[in-house]
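Generate coordinates for the entire structure from the input sequences, incorporating the hints supplied.
Chains U and F, in that order, are what the protein sequence lines are. Note that this note's numbering has the first sequence beginning at 1, numbered continuously upward. Note that this note's numbering has the second sequence beginning at 1, numbered continuously upward.
Each pair of labels, with its calculated beta carbon distance range: (1) U/S69 with F/G72: 35 to 45 angstroms; (2) U/L19 with F/T76: 35 to 45 angstroms; (3) U/Q81 with F/D71: 38 to 48 angstroms.
In the DMTMM-like style, the derived pairs of lysine to aspartate or glutamate whose C-alpha atoms are separated by at most 25 angstroms in a straight line are: (4) U/K1 with F/E56; (5) U/K106 with F/D86; (6) F/K57 with U/D27; (7) F/K42 with U/D67; (8) U/K1 with F/E59; (9) U/K42 with F/E3; (10) U/K1 with F/D63.
Hints in this document: simulated from the structure, not taken from any laboratory. We put the beta carbon where it would ideally sit given N, CA and C, even for glycine.
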Amino acid sequence: KQEVTQIPAALSVPEGENLVLNCSFTDSAIYNLQWFRQDPGKGLTSLLLIQSSQREQTSGRLNASLDKSSGRSTLYIAASQPGDSATYLCAVSNYGGSQGNLIFGKGTKLSVKP
Amino acid sequence: EPEVTQTPSHQVTQMGQEVILRCVPISNHLYFYWYRQILGQKVEFLVSFYNNEISEKSEIFDDQFSVERPDGSNFTLKIRSTKLEDSAMYFCASSEATGIIGELFFGEGSRLTVL
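In structure tokens:
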């Protein structure tokens with residue numbers, strides 16, 4: 001059974017710092033991995049999708065990497081800003097499933113201090 | 001930018017009552033989903049829907065739950081007889097495709113409180 005783990009559970013950094021959020025998954029047979037942002041009491045905003053054949057994706061200050069064989073992904077945030085404060089979730093889509101059945105981690109709660 | 005919209009944003013109901021949560025997926029999307037998130041816990045898959053039928057459902061999605069696409073735009077989740085443990089945030093999502101390129105887009109959620 002696929003398990004997704006995110007470390008750390010919470011992270012507090014000063015503004016301007018570069019940071020890395022980690023995601024690991026137990027079964028490497030995935031279609032893709034998606035990173036989301038969730039603000040308190042709000043929905044999930046898709047940040048990046050990495051296909052299983054890709055090694056990384058970039059969007060602005062965000063860069064996500066995927067090492068499928070080791071079951072790991074990282075989300076790198078450059079020059080962090082207070083507006084980046086949110087919970088970051090990663091989710092994998094299992095190979096052989098309905099392909100919309102995402103398995104989520106519990107998230108990393110990021111706080112960026114001005 | 002196209003988005004998934006959900007109503008109501010918050011619903012309070014008595015145990016045993018029926019609840020319908022509504023969603024309008026992104027217009028050119030073909031695949032629709034419901035997820036839920038109990039406070040402090042992970043987001044969990046409930047059901048996927050394509051071509052007017054359920055593609056997959058989780059163990060959570062028992063006989064008390066049903067989904068429907070009553071017209072060309074709405075996608076609904078019905079809970080027939082709510083229980084206390086159904087209290088959660090329910091998210092609707094949609095995608096244009098599935099598989100390796102299937103990126104899901106989520107709505108803002110409907111918070112259900114069962115008293």
